[in-house]
Amino acid sequence: MNTFHLQIITCDRVFFDGECESLIFPGFDGQIEILAHHAPMATTVAVGEVRFRDAEGQMHAVIVSDGIVNTADNTVTLLAFSAERPEEIDAHRAQMALEIAREEMQRKQSIVEYNLTSAAMARAMARLSGAKRIHPDDFNT
Amino acid sequence: MANAHEILNRIKSIRDTMKITKAMYMVSSMKVQKAKKKLADTLPFFNGLQTQIREVLQHFPEMRHLYFDNRIEDERELVKRRIYIVITGDKGMAGPYNLNVLKEARAHFAESGDYRIYCVGETGRHVFMSEKLPVAEDFRMSSNNPSIHRARVMCEMLTEKYKNEEVDEIYVVYTRMRNSVSSVVHTEQLLPLHTSRFLADEARQAKPGVTVDASEMEIFPSAEDVLETLVKNIVTGFLYGAMVESQASEESARMMSMKTATDNADAMLAELSRQYNQFRQAAITQEITEVVGGAKALQKKKAKKKQARMG
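Chains as they are written, first to last, in the working numbering: chain S, 1 to 141; chain X, 1 to 311.
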């Protein structure tokens, strides 16, 4: 299968840098899959699960916070604030964050606070749903 | 000898202070390492963002967006309402670090008409509050242990204000590390972004072989949405980077001043122990002189008595 170069860069590390066959990410209106030799494109990534199949056919799952995907010259760059493997996720912490966010939502908030809590809530929910599926193979089904 | 005793006391107190400065030196050197690593870790992300914004701009060179500095409305505004984000340390004992930032910030305040100060770090807050400068009350940020979360909160507050056009320009005054020993205060315009600078960067960093045809690129859902995310990421990323770099500079300044303090203490100890030894020696000499003098006086007395008996 044709491959392309994928870089997943977060604010504190280069999460992945290598060849891969396919990348599926949550786009602005649903899942988007990128295969090799994609046309140049720039789009946003929503908070959620990103899956990619590397050159060996191994499936990987990553939970990302919102970011940007850019394709050019068979190279795909995904920039996100954070990217975590499901096994790296602290489900307990995510659950706490979700509960705190839920509580905050009940309060009267300013627009700024609302944006922050809803983003925190989205991240916590994405983490939790990612943590439930520890094995990347589960994504293949 | 009250004086020798005083010197001993002094030596003891200096030794105690030295223990503190030595410990602070070690703590700071650890923190510098940590902050430097953090800074290096954010670089690929930040460079990636810069590249992407450049590419978007490249495809839409005539795009006039709220976030860019080429809007026609902006040129009509006579007075620019500015926000200065001033990043200082939370604590002192860092040599000239805080002073330099405050000095640079004050120079900027002097030349702007309508401005508000957003302080990151307690030192700056205290100083500007006591000077009755317009410090934003609802913005309390510590500069210790910068985190992405803090940068996110700041970004959200700032972009909201900026989008509502409550403010026209946002600047960050922070400290940059020139190398491991010297740092320099720097002011960066955070918003609006300089379009010209991104395009100039492109000419400088253009990688041979990687060319994108402008007409071919697709942007979903729209250039505005992509830009919105990009700009938020850039603002957050930049604020985070600036905080991390400032912290690295702060700790390195503290490290240096603690090193100087320890060296000074060493020099003082050497001088004091010399003085103490001198006093001690003087005391011993005096005692000996007294004993010898006494003995001599006794001998003389005896000799006189002898003479008297003989005579």
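Quick caveat, the hints were computed from the structure, so don't treat them as lab data. Incorrect hints may have been included.
Stated by the list, open to error - With a straight-line cut-off of 30 Å between C-alpha atoms, the simulated DSSO-like cross-links for lysine-lysine are: (1) X/Lys-36 - X/Lys-12; (2) X/Lys-12 - X/Lys-22; (3) X/Lys-232 - X/Lys-36; (4) X/Lys-161 - S/Lys-108; (5) X/Lys-163 - S/Lys-108; (6) X/Lys-259 - X/Lys-36; (7) S/Lys-108 - X/Lys-232; (8) X/Lys-300 - X/Lys-37.
Check each numbered hint against the structure and report the violated ones by number, ascending.
When the structure is compared with the hints, numbers 1, 8 turn out to be violated.
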